[in-house]
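Q: Model the full assembly from the supplied sequences, consistent with the hints where possible.
Protein chains in written order, with this note's numbering: chain A, 1 to 324; chain B, 1 to 324; chain C, 1 to 324; chain D, 1 to 324; chain E, 1 to 324; chain F, 1 to 324.
Check each hint, because a few of them may be wrong.
Derived lysine-lysine pairs resembling DSS-like cross-links, with alpha carbons at most 27 angstroms apart [to be verified]: (1) B:Lys322 with B:Lys5; (2) C:Lys5 with F:Lys5; (3) F:Lys142 with F:Lys185; (4) B:Lys5 with D:Lys5; (5) C:Lys5 with C:Lys322; (6) A:Lys185 with A:Lys142; (7) A:Lys5 with E:Lys5.
Worth flagging that the hints you see were computed from the coordinates, not collected in a lab.
Number of protein chains: 6
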Amino acid sequence: MKENKFAPVTGTMMPRYAGVATLMRLPYMALTDNGIGDVDIGLIGVPWDGGTTNRPGARHGPRQVRDISTMVRNVNRSSNINPFELCNCADLGDAPVNPVDLIDSLNRIAGFYDEVCRLGIAPLSVGGDHLVTLPIMRGLAKDRPIGMVHFDAHTDTWNRYFGDNAYTHGTPFRRAIEEGLLDPKRTVQIGIRGALYNDSENDWGERQGIRVIDIDEFHAMGIEAVIQEARRVVGDGPTYVTFDVDALDPVFAPGTGTPEIGGLTTLEAQHLIRGLQGLNLVGGDVVEVSPPFDPSGNTALVGATLMFEILCVLAESVRRRKHR
Amino acid sequence: MKENKFAPVTGTMMPRYAGVATLMRLPYMALTDNGIGDVDIGLIGVPWDGGTTNRPGARHGPRQVRDISTMVRNVNRSSNINPFELCNCADLGDAPVNPVDLIDSLNRIAGFYDEVCRLGIAPLSVGGDHLVTLPIMRGLAKDRPIGMVHFDAHTDTWNRYFGDNAYTHGTPFRRAIEEGLLDPKRTVQIGIRGALYNDSENDWGERQGIRVIDIDEFHAMGIEAVIQEARRVVGDGPTYVTFDVDALDPVFAPGTGTPEIGGLTTLEAQHLIRGLQGLNLVGGDVVEVSPPFDPSGNTALVGATLMFEILCVLAESVRRRKHR
Amino acid sequence: MKENKFAPVTGTMMPRYAGVATLMRLPYMALTDNGIGDVDIGLIGVPWDGGTTNRPGARHGPRQVRDISTMVRNVNRSSNINPFELCNCADLGDAPVNPVDLIDSLNRIAGFYDEVCRLGIAPLSVGGDHLVTLPIMRGLAKDRPIGMVHFDAHTDTWNRYFGDNAYTHGTPFRRAIEEGLLDPKRTVQIGIRGALYNDSENDWGERQGIRVIDIDEFHAMGIEAVIQEARRVVGDGPTYVTFDVDALDPVFAPGTGTPEIGGLTTLEAQHLIRGLQGLNLVGGDVVEVSPPFDPSGNTALVGATLMFEILCVLAESVRRRKHR
Amino acid sequence: MKENKFAPVTGTMMPRYAGVATLMRLPYMALTDNGIGDVDIGLIGVPWDGGTTNRPGARHGPRQVRDISTMVRNVNRSSNINPFELCNCADLGDAPVNPVDLIDSLNRIAGFYDEVCRLGIAPLSVGGDHLVTLPIMRGLAKDRPIGMVHFDAHTDTWNRYFGDNAYTHGTPFRRAIEEGLLDPKRTVQIGIRGALYNDSENDWGERQGIRVIDIDEFHAMGIEAVIQEARRVVGDGPTYVTFDVDALDPVFAPGTGTPEIGGLTTLEAQHLIRGLQGLNLVGGDVVEVSPPFDPSGNTALVGATLMFEILCVLAESVRRRKHR
Amino acid sequence: MKENKFAPVTGTMMPRYAGVATLMRLPYMALTDNGIGDVDIGLIGVPWDGGTTNRPGARHGPRQVRDISTMVRNVNRSSNINPFELCNCADLGDAPVNPVDLIDSLNRIAGFYDEVCRLGIAPLSVGGDHLVTLPIMRGLAKDRPIGMVHFDAHTDTWNRYFGDNAYTHGTPFRRAIEEGLLDPKRTVQIGIRGALYNDSENDWGERQGIRVIDIDEFHAMGIEAVIQEARRVVGDGPTYVTFDVDALDPVFAPGTGTPEIGGLTTLEAQHLIRGLQGLNLVGGDVVEVSPPFDPSGNTALVGATLMFEILCVLAESVRRRKHR
Amino acid sequence: MKENKFAPVTGTMMPRYAGVATLMRLPYMALTDNGIGDVDIGLIGVPWDGGTTNRPGARHGPRQVRDISTMVRNVNRSSNINPFELCNCADLGDAPVNPVDLIDSLNRIAGFYDEVCRLGIAPLSVGGDHLVTLPIMRGLAKDRPIGMVHFDAHTDTWNRYFGDNAYTHGTPFRRAIEEGLLDPKRTVQIGIRGALYNDSENDWGERQGIRVIDIDEFHAMGIEAVIQEARRVVGDGPTYVTFDVDALDPVFAPGTGTPEIGGLTTLEAQHLIRGLQGLNLVGGDVVEVSPPFDPSGNTALVGATLMFEILCVLAESVRRRKHR
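A: As structure tokens, then:
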């Protein structure tokens, strides 16, 4: 049985809008704090958008998600999972970043996640733009390539930008595959859509073996078949879940840098994530929440709630591994 | 045939954005005005959110719904009902409230609805937070418990808050059942979702006999089956309709205090309400419209349009009773 | 093979947010410029809302759509159409208008489109309120009536307003039919909904032979059947596509003058437009984008993306005619 | 002593945000109501912006000013004037307008004010764009030209627009002078600024005798000298006060169609209006409040408060005339 | 010399937008934490607006001020004071509150401040509505009445509301005087303005000896004379500083419940607070920051910066007392 | 006499909100276009914010300023300067940038301005963050150091960031002095304010000879003395004007990355810029307009109007040099 100190502060004692805002009202712990070894799952912000080629702002995502995540409660009504009963969870603060230096930022972030993994903590992160998943994987997958369930409007497997720039929020998974961090044959991308620059841009990933389920195929298959296909692709190897909020239709997530109409609903997203229960999950993230482009704040609410959905399946997986 | 004076001012003579804003452009009448006895259905605001435990603002709901309700027209295209032909409708203004005194507010509101009922007027209200439904029922159901069709993300049947507070917008229906105002066996709750504080919090209502159709069951059953089940539960006894706008997904109703993603669409809500035609309806309300949290104003438009949908089925019921 | 100069500037060389904003980053050309004769399809703004009876602002639509349309890319992922390969496309700027004179505006706009058609350019326009479609048709259909696929919440076939005003954004298609510009028997209206002023107001159009598919019938038929019915109605004669963004649910397009809840999703809209491929299309428009009522800017993104969808089917049609 | 029924409802009995919103919480009366003869000062909305050449939206001004004016209280702390003790005040609703017909609107508005004046009621209006002051003057000044204290960034004495349009919100006072409604020699314009189209555009008014105090002269003279100069210009003849909110710096009044930076502060505006006490005032207005361009609503608060300031000096003048 | 651990995290190492947001990036400490005895000044939120009679939302003030206060730096450029060198400062979190129970909230807050004072910590708080200053004073002034420098648009010395309610955000200082917490003869109120309900409402406070400097007298005296007068009134006894952001003009602080135009500028406010240097200050607060009414967030920036200004003069005073 | 083609399109022929938006409605010309040699002053956007350490968004400044600058007119009412009569002005589009590569961006921008200067065009730019002024100076001042009138809340003469980053928007003028582009002895900084990280951070610039007039000294001196001091400092050598909008109080320019309360008013800014008439000006810019942080758009209006003010004094200077 988990200890009380790693549970969220309840809203019937301290109102949800009150207090210093941590992710899901969990205790804040630095990597150097006493007791860090008790943490099973670390919730982490990566406040950086230096890989963004169009509209910046995702660096502000962690702050706003912390704020709104104080509305999250404990038990998933659909799956009955209470992640805080299954695992010790804490807010580990933000990974270090450098807003004016891309390469330095990738190194700082990778170093932080390297230490998180060394401590045996499974990371659940909130971005930041999608390039942050690359240094997270550098920390998380340095021993062997991992599989991935990837929700997004874009494949993020482009090669170069502006002539010779290898690192942007459009390239992380090409780099991850090249670096041996990500196994393309155990990777599935769901929700891909939007116009293309040219007919062949999307080929590289599929040629490596990525299973791309674009929005048309998603609707043709139906949600249950998509879940089964995703489970088949990643199998029972270690698997990461990454959720770019632009996978959702912009009405659900206007606060993002590259919105594309015609996307997933939040209800579909919740079902898809719940469908990952029982997989061998090693971490996850929600990225591209960009508060400056969302006057209503709903994107952050969506991001926080999807983090909770991922937390539920991740906690179940972490707990299972611990008691194996 | 109803008199002209109780019909909305038409938009082809006075533009919809012009004039003093009353609910659906109906004439304003005080309870003490001559001719109040001719009114069949009273549209009423309850500008109070003193039961709100998180984000306040629903006290401003009636004002903004009055404004935007001037865009409502006369005939329901789907059902062909023109409520203004069936019943004499008027805006009765706002119920009296006290923003700094919870108990005093409950008493003032109950007194107002007591008088409304004494005058033989069926009330259709706009809140206000959901606690306002309790004093409305104290006025409306003092003779016998009534049934209820309840649209909401939350069951609102919690018991105590902050140690010993019995009255919040999370407790109205527990109190109503305890006070004998609401018959739990003739109550159905639709759209319930969102994480829970603990596994057992939702049990009380179901143990009393409330039929809870949460969002997963809603989608599993399909909308027609849900309508039939709701009709079966409430039967032909006197029935109240309460619509908390957080039953809707937050993209449709961002202006509310406790949004939960993955909710109903407005189209589903319209179909559900239309499905209540023919029941023995005695009143209804739309609550938790909170303008400060909605920069676009769409929540108020949704609230006003759902009021019109409820008005259509309510007017049909009131008319039927009068000519029985 | 089309010339490069008529292609959008690519976002991997100039960031999408940079540069002078033209529609889809196409070259701007005036009707009097050298080389205008090479243009196949002209993208045109009509910044005018003088026919608006309720909330103005659509005059600002073209400016904001130009801004956000710089996020559009080249190839339709679903249909594989690259319109810029099929046709020479250019931004022809805004049609001339007079914000304080309705009749003068109709004349100026009609004159502009008359010249566009004389130059053999197929127009794809962005309004402006829906009355602008009337002068567009005066330029486009003066030789023979055309058919129309019309997406809207409203039929826009009213007769008079405020006693004796014949021209408002609620009357364009009644006038177009009366003027012999529009063939009602080859006209289909999709997405109609919202309450009516009275039971008979909607009759005129249907009596002329318009096929009205309201939102209830739309859902009853299913999207594929609706597409087939629309294709059957317009046949292979010259056909215009007009998309009023209030056909969409207000959550997708809050920035519009007369929102009605319970509307189409953008995904449905995309499928519907793609379903028009192969028809004999002569032009199209997207109207009623009203930026002042949309704090998030999503309406303009939707408008720009739907323009791209129409452009794809229009370009395919124009190309086919040219090579016939 | 005035009757109670014409006093605002107090905020210590009904909260300021509650109830049907009328101007300053005064009773609403139609021109045809019994007892209309008791009204001394009529507060009136003119919801029309058909003369606007750039950004529309002022038609929504009266509705939003009604809403926010419920925050106004009774006694002017600086002057100790309680206008509701001095005069019987009522909200007379909105003047009739036609949003798609400029000339028809001018006629409808003039007819309404003609009747107001015939009833012996002094009008205090809220626009609407500045062209509405012309038909107000047609009702108010048909017997003899009146003087005017005019606060504005622009002189509004242009001649023609778009070739041949005589009526826009840039021309009302040229027309009023030509029609003999306004005495240019008894007219003072304060706050004029902003760049010009050409060097001579501003000459016409001054050639007629208007005293123009532009923003530079305003600051050079100091506020007391400006007040004295304004009083000297209008003398003791019948005088109208018109306040275009763009006289203020846009930070105070962002919700307006033609903002110009470097304007008056609200504090300066309050002092200027208070400086008119004792003049022979016959009416006034606040115009160009355009809610769609003000996300914060402050413009309406400013407009409502300046209406109250004008009401204080107007009431004092009306009372004085009545008891002369 | 103060210890490093009580200094803000520098923005050149961790970007200002990153990390868990505490007030001025100070360490968070609970009252029960080890080392609490080292704290000289405690920054505290009071997230409660249950005394608000009009527009609620100030309960969200502490959260947003925490967020934006991460932009504050260390050294006051004007006074050269570095408060973090002078005193050990920490964020003590939020005082306990109960959003549905006014009396319970007053008791919880008072208890918290009682403990803060018992620990020898000088409190600098952020509200919350102005009623929160009453329980703060119950903790802070239970031994003897204190003096007060009070910036506000309103005197907040009303008596009863809605018949018999003694506690609202309009009554705290009447109650504080009655309870012997506040010495009216050592109280000065600056910035008072706005219309009154009646001529005599403002008398009570002045009759008790409060020195009221309304906005007209403020401008007549000039800022230096006002400072001298304020210093004269409070003398060298223990003094509290309370800053209601509605003392400022609403353009500087739109996010507040009861805005009144014609108020102070932030520059004036900064000078006024700096003018308090050398007084015997025992605590202070900034209240009525209401984020839902401020789409730009400037009110919170103003609130955070004014907290820093008060912190500078408070730290200087606390330090002086410690070394006396 | 200048040619007509370089004048803004007039708003009495094409409404201000219509047409493709170029800076001040001037013709767009690429550096490679025929006729570029006729241009005297080039208006240029630099859409880049890669030097921003806190809140990004200034990359969107040029687009929004283009939009709102269509409201600018021709003749400065105060100085009577019509810049379009004095010089040929054109919109030269945006300088090339790379959003994911800081050094590459500096090189691209410098190359562009090098070419602009080679063509004999005086540049008037709109940023972008303040680091863009460095590469502008690399193009503009490569032959000899220039003087500068610098309006800002910050000195922007810091040294390193995040350990070892030499280029941020806080360092441009330290680098420019080090590179011999900027003569510190002919540099004046006006409006400096806000808290400091430590007491000595501001020393470097003053030690180089920069004349710093902080906000307190600004108010102590008075605006006329500040103008004279600025003129004395820069003398008659070639001088650049740079206006960071955070020099203004945040109420005038909320849309900026690092707002500091207590700043300049726009009126003061206008007077200060007008006071530069007659200097030997070689270029200027307005920077740090960040649209995502300004829901009202006023910052862009302010930015566009101040560009016009700078254009007036720059055009007068350019004309004078040409006719010397």
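Q: Please go over all the hints and tell whether each is borne out by the structure.
A: Against the structure, the hints come out as follows:
{"no.": "1", "hint": "B:Lys322 with B:Lys5", "result": "holds (20 angstroms)"}
{"no.": "2", "hint": "C:Lys5 with F:Lys5", "result": "holds (24 angstroms)"}
{"no.": "3", "hint": "F:Lys142 with F:Lys185", "result": "holds (18 angstroms)"}
{"no.": "4", "hint": "B:Lys5 with D:Lys5", "result": "holds (24 angstroms)"}
{"no.": "5", "hint": "C:Lys5 with C:Lys322", "result": "holds (20 angstroms)"}
{"no.": "6", "hint": "A:Lys185 with A:Lys142", "result": "holds (18 angstroms)"}
{"no.": "7", "hint": "A:Lys5 with E:Lys5", "result": "holds (24 angstroms)"}
Taken one by one, the earlier hints all hold for this structure without exception.
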